[in-house]
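*Asks:* Sequence:
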Amino acid sequence: MSTNPDIVVLREGTEGLSMESYAEILRERLPDHTVALARTPKEEHELVPQARVVTGVTIDEALLEEADRLELFACTFAGTDHVPMDALADHGVAVTNAGGIHAPGIAEQTIANMLVFARNLHEGWRRKRNGEWRHFQSYEFTDSTVTVVGLGSIGQAVVKRLEGFEVETIGIRYTPEKGGPTDEVLGFDEDDVHEAFSRSDYVVLACPLNDLTRGLVDEDALATLPPNAVLVNAARGGIVDTDALVEALQFEGIRGAALDVTDPEPLPSDHELWDLENCLLTPHTGGHTPKHWDRLADIVATNVAALEDGEGDALENVVYSPE
104 MSTNPDIVVL
114 REGTEGLSME
124 SYAEILRERL
134 PDHTVALART
144 PKEEHELVPQ
154 ARVVTGVTID
164 EALLEEADRL
174 ELFACTFAGT
184 DHVPMDALAD
194 HGVAVTNAGG
204 IHAPGIAEQT
214 IANMLVFARN
224 LHEGWRRKRN
234 GEWRHFQSYE
244 FTDSTVTVVG
254 LGSIGQAVVK
264 RLEGFEVETI
274 GIRYTPEKGG
284 PTDEVLGFDE
294 DDVHEAFSRS
304 DYVVLACPLN
314 DLTRGLVDED
324 ALATLPPNAV
334 LVNAARGGIV
344 DTDALVEALQ
354 FEGIRGAALD
364 VTDPEPLPSD
374 HELWDLENCL
384 LTPHTGGHTP
394 KHWDRLADIV
404 ATNVAALEDG
414 EGDALENVVY
424 SPE
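The sequence shown begins at 104 in the working numbering and counts up one residue at a time.
Warning: the hint list may mix true and false statements.
The calculated label-pair distances, taken between Cβ atoms and stated as ranges, are [to be verified]:
id	residue 1	residue 2	range
1	398	297	32 to 38 Å
2	164	368	25 to 31 Å
3	169	425	14 to 20 Å
4	378	107	54 to 60 Å
5	314	232	28 to 34 Å
6	123	182	21 to 27 Å
7	246	367	19 to 25 Å
8	368	292	45 to 51 Å
9	290	142	45 to 51 Å
Derived from the structure by calculation, the hints contain no laboratory data.
Each residue gets a CB set at the ideal place from its N, CA and C atoms; glycine is no exception.
Generate coordinates for the entire structure from the input sequences, incorporating the hints supplied.
*Replies:* If you want it as structure tokens, here you go:
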């Protein structure tokens with residue numbers, strides 16, 4: 104166990120990835136710093152009070168009482184709802200997240216899901232499983248209209264990967280006056296959302312879950328979608344009214360849905376969504392990438408340099424700053 108560490112990596116892992124690997128990559132990025140991995144609760148209590156930077160899934164509030172040197176907590180998740188933000192703020196500790204590191208994988212899976220529905224590949228898989236050599240009809244993705252709800256890192260990654268598919272794109276963002284990478288940009292106003300949905304062949308959800316977006320895709324929104332439309336949720340399950348979605352899928356209100364997230368989550372084994380052939384389900388795996396630690400270590404290393412240069416106001420991926 105290192106003494107007087109500059110950076111402490113907490114023991115709790117994420118997505119089945121080794122925290123030892125994370126610590127090793129941080130040592131490569133920060134060769135002039137001491138990076139310690141706290142493997143046990145005892146080591147966390149011994150090491151955190153010495154650290155200037157702590158990184159992990161979350162941090163125990165009790166550890167903050169003696170962490171007088173701590174300036175930055177680097178969360179290894181994009182979401183920080185589980186992090187004791189008030190306690191960190193009370194101690195003047197900046198908080199950053201892992202936002203953006205999952206964007207390439209989520210965007211690739213989103214494109215894949217749309218192509219599955221465009222070419223009706225899931226019907227081909229079903230017929231293969233049943234040993235049926237029978238033709239079926241497909242569609243073309245070309246000339247489709249794709250609405251991307253949320254133009255943050257994930258939404259932008261999706262739009263970038265749509266280039267070359269010859270599709271029309273509509274973006275929905277909080278500040279439509281800023282424009283964006285899509286052919287058209289609208290806001291989160293209900294009328295704007297319904298206007299976009301009414302013209303969409305595919306709707307991609309790539310926005311955070313908050314008071315504005317919770318239940319955004321409700322019965323009215325689903326009824327506004329054309330019957331050939333496909334909903335792809337790469338964001339959070341609570342953005343969609345699950346009961347309304349089930350009904351829309353069952354009664355051909357829309358053509359299909361691809362869900363990497365659900366509400367509830369995990370999805371109970373007896374839930375109706377499992378039995379719907381026009382619903383693709385993955386267990387919140389869209390963001391998985393073998394480059395998780397490399398990308399996160401780049402952010403942390405950049406922020407360590409900013410702290411040392413006295414530029415705490417220039418941190419990347421800031422969720423909270425005491426500045």
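*Asks:* It remains to establish, for every hint, whether it holds in the given structure.
*Replies:* Results for each hint:
no.	hint	verdict
1	398 x 297: 32 to 38 Å	holds, 36 Å
2	164 x 368: 25 to 31 Å	holds, 26 Å
3	169 x 425: 14 to 20 Å	holds, 18 Å
4	378 x 107: 54 to 60 Å	holds, 58 Å
5	314 x 232: 28 to 34 Å	violated, 42 Å
6	123 x 182: 21 to 27 Å	holds, 24 Å
7	246 x 367: 19 to 25 Å	violated, 37 Å
8	368 x 292: 45 to 51 Å	violated, 28 Å
9	290 x 142: 45 to 51 Å	holds, 48 Å
Violation of the numbered hints given earlier is confined to hints 5, 7, 8; the remaining hints are satisfied by the structure.
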